[in-house]
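Colleague: Chains F and Y are the protein sequences, given in the same order.
So for the first sequence, our numbering puts the first residue at 1; every next one is plus one.
So for the second sequence, our numbering puts the first residue at 1001; every next one is plus one.
In short, the hints are calculated from the structure, not lab data.
Some clues are possibly wrong.
[Stated by the list, open to error] The list that follows gives simulated cross-link-like pairs (lysine-lysine, BS3-like), each with its CA atoms no further than 25 Å apart: (1) Y:LYS1040 / F:LYS215; (2) F:LYS442 / F:LYS691; (3) Y:LYS1038 / F:LYS215; (4) F:LYS418 / F:LYS470; (5) F:LYS346 / F:LYS691.
The structure displayed is predicted, hence computed values, not measured ones.
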Amino acid sequence: MTDLDPALATFAQESEELLLEMESALLVLESDPSDSETINQLFRAVHTFKGSAGLFGFDQIVAFAHQAETLMDQVRNGERVIDDVLTSVLLEGKDHLSELVQHFLATPDAPLPEALHAQSENLIARLNPEQKPANQLPTEPETALQTEDNANFAIDECWLISLDFQQDALRNGMDPLSFIRYLLSLGEIQQILTLYPNMPDGQDMDPESCYLHFKIAFRSDADKKTLEQVFEFAADDCEIKILPPNARVKDYLALLDNYDDHYLARLGEMLIQIGSLTEADVDRALKQQSQYEQEAASQEAKPLGEILVEQRVVQKPLVEEALKKQEQTKQKLTNESNYIRVDADKLGRLINLVGELVISSAAMNLIVQRHGISDAEDVAAAMNSLVNSMRDTALELRMVQIGDTFSRFRRVVRDVSKDLGKDIELQINGGETELDKTVVEKINDPLTHLVRNSLDHGVEPPEQRVAAGKPAQGRVTLNAYHESGHIVIEISDDGAGLNSEKILTKAIANGLVKPDQTLSQQEIFQLIFAPGLSTKDKASNLSGRGVGMDVVKRNIEALRGSVAVYSTPGQGTTIGIQLPLTLAIIDGFMIGAGHEHFIIPLSLVDECIELDPKECQINEVEHYINLRGNALPYLRLADYFACQPHQRDHQRESVVVVKFGQSKAGFVVDQLHGEHQTVIKPLGKVFENLKGITGATVLGDGQVALILDVQKLIETAVQRSRHRFQAQRPTFH
Amino acid sequence: MSIQLTDNAQGIGIRIQQEMTIYTAAEQQQVLYEQLRKGKNIQIDLSGVTEIDSAGLQLLLWLKRESGRQSLQLRLTEHSEAVVEVFEMLDLSKFFGDPIVLAKQRTSS
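Next up, chain Y with everything else stripped away, as it sits in the complex (with noise of 0.2 Å):
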């Protein structure tokens, strides 16, 4: 299963692992959607993620507008270095305001 969720009271988890790119983005936004419909804050645990490209990241976009509307609490967490990579190149992790923890030390550009 590339895409783990678990509910419980604090809200919804969802551990990625799996690539974020055009080929994954129809599937993951389902289930995404899925997840968003329930109402609960999300938490996503990104560090499986291998890769992103520009739909993953619309992605994320996405889904933290769309929970912003609900006032649902939307938190990345476990950043993985393709992630990183990303949003220091976009400057978004202001944008998505949650702490970065690096797993392992990453080169500054």
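With the rest of the complex left out, here is chain F (with noise of 0.2 Å):
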């Protein structure tokens, strides 16, 4: 899809978008068919689709999508109930069309395959069975006040008030019958019912208690304020709700539908602004959803509408359709105003020039150092700052949040799930961490085969749970969150955990390791990653398909990260991926060793440390530094890299300690320059194989840097020092 014109990768991009929000729509709608809202955005995705489809004349997808949206509409209307079987062609339905519009993308004016056509018939013959007798939803009764012998007035056109009496009302010095005696001068009374629900009895009776409560259907052209305020001495002692006449919903209706929709205004805004609400209809309910959401912490917040409706101050008509108003605007403003589509070559470009200015910028600064210009030092420091803060806001644009590609893994999760015969759930955390776009785009295939690995080896059968003690249904969990300039992806699972006398045994047997070799519990786990290493007895078709562990870990290198296991047997297994938040520019710390410079990414600096004799010592038989009495692993880097070595006599060598996950290690170096922006050239495929090196970068004097590959040499480091201490054993590597 590389020449497509413009419109078209307009549309291709849309609709995939459109389509990714019908899938987790229609996912949401599997574990709660009843919510409404979701309903509707499912509607709206599946309309706006069939929309644009239109536009390019792509009559077999509109034809399909029709009868989708017709569908949708169905059940919005309640006259279709959503069950499992409607949602599982629905989400077939929702992969035909995705399928159709790779056609008509690749293909536009070739005719639909007989196969395509066939199959667009038969589920729309599933998604209509024979039209189903429609569902009828139990009407809501429209009011409770509603009483059986209406017939002599309209009820329609009351006002319809209910006055539950405080029991001090009468000690307060209220009278409930003036308060009707005054109403009655705005208007007529049509039916009233006195009731006293509360009243103890007998003696228990209270006679200087008030137990009454009015039920009054009030036929009146005042408006809702006007009869607040009717009752407004006794609000402490009352509780009151007034409810506007049905007949009056109309005005209402057409009030909201003329609703300026150019701010986002809030549902109980809106009712007040018509007239159908006051504002101490609206704050009552407020209290009321604050009380709720303290009564029931972990239940989900009831909705301000629901409770308005329950209150009985408003028809729920009204709610819906301010809601639906509401729902409008906010899709107005959306589309209106905060986005705007950017290539991402022209984005990549701009990143780019983002990194040769930090370059440039870095030389000026050089220059304006040497020839000591004290006039341009402010300037040049004024113009480095803004540089810097460029730089970040070109990244930022790049950077976007993992959650979406989170959600991808619902629908792979219940397919899966599905075709394992487990009941599995999928958690996601933390999906508004946010990334590089190209990390994101990198990360989707490993992340991919580490979640298929999860449903199907780490998550037990139903069968084996239940016997082990665990609920039967399983779950796995997809967590992110930023951690020292890193973003760390976590797949997590509640089943058996790895077995590592398992792993080890099989990893003895490839010949990976020696029979003899003592390997920590990380080790072991990482044996997972080595290439031939399947910890299943029985292959399935899953673990076989795509990549393995070994290419999943390549990948995560690749991108200069680094994965961890961890697993407790029978409560499950945790894969955390650490990652770079972006590939391009970082902020480095620069040292000298020999002639050479180097950066180290300084997020990864612990600290920095004078090897002074008496602070910490050096080892050089055993290779590890004595730092405040710990042992560190340590590399000398002038030795390591083979520099020409620089005049050591009269010059301290200074330690950085450096940090990658839990291992530590000491870089052994000759100068501190200091942090230094670092925009991260890639190195040639001639270069690719070094080890301890990721990549280069060029300094204001033109002079090339490289970047240690913090990790692989932590890794060196501690195997030097293990290799001093264990010089009888062979080193795992």
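Assembly of the complex is requested from the two constituent chains, each provided in isolation within its own frame, with the hints serving as guidance.
Modeller: Here is the structure:
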């Protein structure tokens, strides 16, 4: 799809988004079929999709989407009920639409292949199984106030007023009757009910307490505010609910329709403005809402609209209409303003330019310093900080939330767990965590593999889970968070955990490990990433497909990331992927070893120490530094990279302590140059296999500095020191 | 005496000759409760009720319910103008079910 005409490309992208939206809505509906908001969302997605397909004259797509839309409309109106079967068909329908789109994008003018056509027909037939009798949703009784004998007056034109006086009302000097008398001055009581449900029996009835409740059907031209004012004095001692006449609902709906949609109002605000509610109503409902929240902290907060209807101060259709209006406004606003679609290439170019700018500004700084031009120094400093923020902003442009990537896995989890006959729930945390789009794209495949792995190998079949005393439903969790300049993505399952003995036996059998080797738990777990090692006795079609674990690890390392495995037998496995946030520019820490300059990503630097014999001693024989009583593996960079030696006699060495994940090491260097904005330039093919180096950067004076692969170097340092410790044992690598 | 009682074979007659308001409710309830406990039908003459408010109304509602519970008959008679006004306003005549005989002509609302 490289040479699509731009409009078609937009359609391609838009349809992909809409299809994704449909999918996620369907998956929500699968677990909560009554979620009307999601049903609306689904309907809108289908509707918009149909519309844009129509623009391009993709009639077959329109025809199919139309069927789906009709169905959704029925669901929305309560004529059909969404059930598992229906969502399944709709999900298939969504896949089918996606295929149709692919077909038309590839060959816009070719007729529809027979197979796709047949599939369309089939799905349409399944969407409408002989027009099921409309599943009548129970219609909510309009209002509880309505009484049976309303024959002689039109209750539709009446205000329904409910007054529930509190027990202290009389003692506080209220006389409920006087309010009703006053009310009579504003209109006519069509019907009134006097109730006293809380009055105690016999002598317990306290004649000075008030037990009276009134339900009044009241005919009046006054507006709600005026009516409410009647009871203003009683407000503290009486629960007052005033429901506008049903006949007025029409007026209110008309008002809502004309409601100014240029800014997003809250539901309460809207209803107050059209006059169907008063502020007091909304305040009460809000109070009730927060009370609900306190009572049931774990449960979902009850929507305001629902509470208002429940409190009988407003009719349901009004709330629904207002919510619809609100949603429309919201959509209009988002469509109007917030986003610009930008070609990813253009963005890439911008970021490259910013990178060059960073280098040039470093060069300028250098010259300013070298020539000691004091006037220019201020300007240079100001520009430097501008360039810094520009770099950050430019990189932010490419930052996307990982949530979208995560939610794609809902479908994977659903389908795979069905195939496997397991019941697995996917939980997503930290979806709002941001990282570079290029990283997101590259992490997708490894992530898919790891999730499939968790589903297949991690979570046990339901019977086994129940036998182990766990809930039958398994859970896979995707979690993301930021940690010191990196993003950590975790894939956890609550399955059986890794069997380290089994892994070790297998690894020894495969010759990956020698039988006499001692490995730490973490090293054993890392073996699952070794090529040719499957932890499962029988290979399934899931694990056999696509990339293997070794490829997963390689892909992640290619992104300068790392993988860690944590597992507790019987409780589950967590695989943590640590990735840099961006691949383009980092804050670096520049050091000198011999005549060379090196860059360490600043986020990995733990501390810098002068190699002072009093504070820390180097143990050359056993190859560690004694740092405040702790043994720290170290690497002398100048030796490691065989740099031309500096005159070391009069210069003190320094130690840069670096930390990656859990492991630490010290790099012994000759000079510390301080922070440096580093534009990462990938190394060419020739240098691809260099150990300990991930990239290079150009310094202000034109020199090249190499960027250290801290992770690898720490490993090397750890191995060396261990090598000395256990010289008799061969090193595992 | 503001409440006059008569007690005979047909039942208890109560004649309330004062206002029925929050100020008198406690006292009136005491008297009414005592009569209720006798388990006889009750007839109340309301002609002397010069004023009735929510508390007084409540008392009548209470009495109606309590007597109903004991399957006693409660009859309200000779409603004064004040009582009629409240009963009309709240549409309670049917609830009490007693014929309202008007002593004086009243103005319709």
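Colleague: Are the hints correct? Go through all of them and say.
Modeller: Evaluated hints:
1. Y:LYS1040 / F:LYS215: Violated, because 33 Å separates the two Cα atoms, which is more than 25 Å.
2. F:LYS442 / F:LYS691: holds, 23 Å
3. Y:LYS1038 / F:LYS215: violated, 35 Å
4. F:LYS418 / F:LYS470: holds, 19 Å
5. F:LYS346 / F:LYS691: violated, 33 Å
Hint compliance for this structure: hints 1, 3, 5 are not met, and every other hint is.
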